[in-house]
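Peer 1: Given next are the chains, with one letter for each unit.
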Amino acid sequence: MNIKYLLHSLMRRKFVTLLLVLQLALTIGLLCNSVILTLDVNRQLQFETGIQADAYVVVSVSAIGKRWKEKPDIDADLQQKDFEAIKNIDDVFSVAVYNQTPLSHADSKATIEMQIPGAKNPALQSIAMVTTDLQGLDNFDLAIIEGRGFTVADKKLANTDSDNTVIVTQALADFLMPNASIIGQLTNRGRVIGVSENIMYNPKAHGSAKYFAHFVYQDALVFSGRKYYILKVNPQAIPRIKKTLAARLKDTPDRVITNIYTLKDEHTDFFANEVGTSKLFVALCGLMLLVALVSSFAHAHFHVTKQIHLIGIRRALGARKSDILRYVLAENLLISLSAFIPGLLCALAMNIQLNQFLNLSKPHWIEFVSIYGIILLTGLVASWLPAYRTAQIPPIAATKTS
Amino acid sequence: MMSLLFYQFKLGWRSLKQAPLVTGLTLLVLSLGASLLAVNLILLHIMYADPIPEKSEQLFHVSLNTWQSEDPFNEPFHLLTYQDASQILNSAIPDQGMISYRASVYTKNSDSNSDKMHAASVRAFSGDFFAMTMAPFQWGSGWDIHLESQSTPEHVVISDRLNQLLFNGENSLGKSLTIENKSFTIIGILKPWHLKPKFYHVNDGQTYAPTEDIYLPLETALNNDFMPSSMTISLDYWSKMSETRNSNVYFLQSWVQLNDLSQKQAFQDYLDTYSAHLKEQGKHPLSINNQLNDVKAWMAINQVVDSNIQAFTLATFLFLVVCLFNATSLLLVKQTKAQFETSLRRALGVSRRQLYIESVTESFLIGSIAGIIAIFLSYLFLIVASKLLPRMAHIIEYDPSSFFISFCVTLSSSLLIAFYPVYSTYRHSIALQIK
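Residue numbers (our numbering), protein chains in the order written: chain P, 1 to 402; chain Y, 403 to 837.
Some hints could be false.
[Claimed, not checked] Some chain P residues close to chain Y (C-beta under 7 Å, calculated; not the full set):
| no. | residue |
| --- | --- |
| 1 | Gln23 |
| 2 | Lys120 |
| 3 | Asn202 |
| 4 | Ala205 |
| 5 | Ser208 |
| 6 | Ala298 |
| 7 | Ala349 |
| 8 | Ile352 |
| 9 | Leu354 |
[Said to hold, decoys possible] To spell it out: a stretch of chain Y is covered by chain P in this simulated footprint if at least three of its residues, at any positions, have a beta carbon under 8 Å from a beta carbon of chain P; those stretches are:
| no. | region |
| --- | --- |
| 10 | 522–529 |
| 11 | 709–719 |
| 12 | 796–806 |
Source of the hints: derived by calculation from the structure; they are not laboratory data. Note that the Cβ used here is the ideal one computed from N, Cα and C, for glycine as well.
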């Protein structure tokens, strides 16, 4: 195969060849960035959460009216009855009450500030504030790394923060006091009594900020009028447990059960728009490949139509069918190869442009080479039919004039 | 003239039928590229729309820089305390003004035998909310805002959606509505009301959320302890909404109507003076930096246009470019195949102008057919988009302007790609081509 001859042949139809090279370059760029977007979303969904999300069922409870606020005992009694009903369900291992769920947008946040005399104490804003009961941390299998867990005496009753006790996650403790123990230190939210393992309360934050949270032992309903029973269960039994919960937990004039779902659902739903966007990009990838297939087919078709006489002469001079087949395929391969550099530039340029709207990772050479390989293969597949048809033309038909 | 036009179309149709595979591929590629871009243009059109064109330049969101510590949440902050918001409402400078917050409650028709409570959203406000937002009333009206501060009547206005749900869409004026175990009287029912975006509350995921189900006076909401269901930040400890009247709880948003520049300047001075006065009293340590942003500016600051859609629009635009290149190649194939016949016709006296007209008519025909296909594809893609982007689902709609956008994008794309193949065919000499 004479490369020089192939190049010369392509240059005779520069405009069409250039169009195809540009198409392939744009296709490579878009495919590459679509793959990056999809991988990024998957990475976010598979980020270490600190909890086995598919082993938890959430029951969302909303209070109605003010009776629960004026007479907290009513709510406490109701919760006690709910918990008894929940604990009697097979495959439910434990249950605790919280003011918000992890792995999603934290509804309740607070500013955290160390209260160290004489030191500069910067404020850390929008830190998840989780109010829970005595079982709250155990229910999530969060071990206390330093200090101690909550005891009955830690329950927050007073309307002040000064005599409060809090437990912070390891990530938050490391950030607030990187070189010393935080145990016993006073913050604006109360005195730190323990440091727990990390759990994700801010999935879209960067780095360790995903795990910034502090726990307070307090009635969950106090602020929002909403609370969540979170059940640790056998993942295989979830459909049955959800049905049983719906049957056993009935609405009362003071509260309604608004939803029953898993923590995994919550996490997936939190990224629904990102997942949806990546699916749209994947669908676009499919269409791009289809169009690339049509492009390569059209180009090969156009090219052999233009060269039909030349091919006829070559056949008459002794070229075999397989030579013609190889010749047409080699032409397409050459075009695809020439789209390598423009494709790389397109991938980089689009990455920069798309980063204005999305948080995309930088292109990696493995992604680029994989996409490029797919484009090469698509081109060969698409040009096979015109190549095969051309190879079947007898020399007499190709060289005849109208 | 008409018969000539008809003849041109007949020729174009015959030409398309001569190469069915290439024509089919061209139609497929064009309609795919154009419909995908059109879908995104439809979404962007909705997102960039002016929600209240009659007065978007007169309505201003108020942000004050009166955060009471040296670590402000934002400078200036879009949420206000009750005291600051009341100060804004008390000013006589704006023609109209309002302060409001959003809450979530459970409600039911008081006369219903069912105990089932329905979740509903509440807009609690003080001031001229209905007039400023031009909320359309179906029956009744709002309450007298001048009596609002003297008494807190248990009156509510409800949305058409809630009226349909609880009262089967009938005139429910004067009927009783139970909200959180307490009875309220319905004094107004709104018509179906869609604000896209909901300019008066573009934070907290509310940008494209439906307008609220229940509207009631701010003081009523505070007295009944309807907790905010949107961002609320406090520097003080509080547990009841009535306590927010005297606490540093930031939960209210404020809008004012200022009809001209002098009025705007006067109100800006009023805010700056108020802020400076607080600073003198040691109530905040921040610089005097209060802002008035009209509807469009406020939309821009809050980036109401979904960045995912912006990114996808960029991608689909590039996809259309690829499709156009592709369709050009396909048309070139078609022209090449018909080159001998075209040259023969030229040799027999058909003018170059006549052939150009034929080619453009053919492109118009391709564009029109592809445009019709694109309308169907756009509809299909919008359904897919609403399934894949659940948070966008309620803003996605397919109206006549969407048909128009899809058709125009396809037709103009088709005419654009006709240029090079036509030029390429007719630039060579007849002798060379029919040799």
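Peer 1: Determine for every hint whether it applies to the structure shown.
Peer 2: The hints, checked one at a time:
{"no.": "1", "hint": "Gln23", "in the structure": "holds, 5 Å"}
{"no.": "2", "hint": "Lys120", "in the structure": "violated, 11 Å"}
{"no.": "3", "hint": "Asn202", "in the structure": "violated, 15 Å"}
{"no.": "4", "hint": "Ala205", "in the structure": "violated, 16 Å"}
{"no.": "5", "hint": "Ser208", "in the structure": "violated, 21 Å"}
{"no.": "6", "hint": "Ala298", "in the structure": "holds, 5 Å"}
{"no.": "7", "hint": "Ala349", "in the structure": "violated, 10 Å"}
{"no.": "8", "hint": "Ile352", "in the structure": "violated, 11 Å"}
{"no.": "9", "hint": "Leu354", "in the structure": "holds, 5 Å"}
{"no.": "10", "hint": "522–529", "in the structure": "violated (count 0)"}
{"no.": "11", "hint": "709–719", "in the structure": "holds (count 8)"}
{"no.": "12", "hint": "796–806", "in the structure": "violated (count 0)"}
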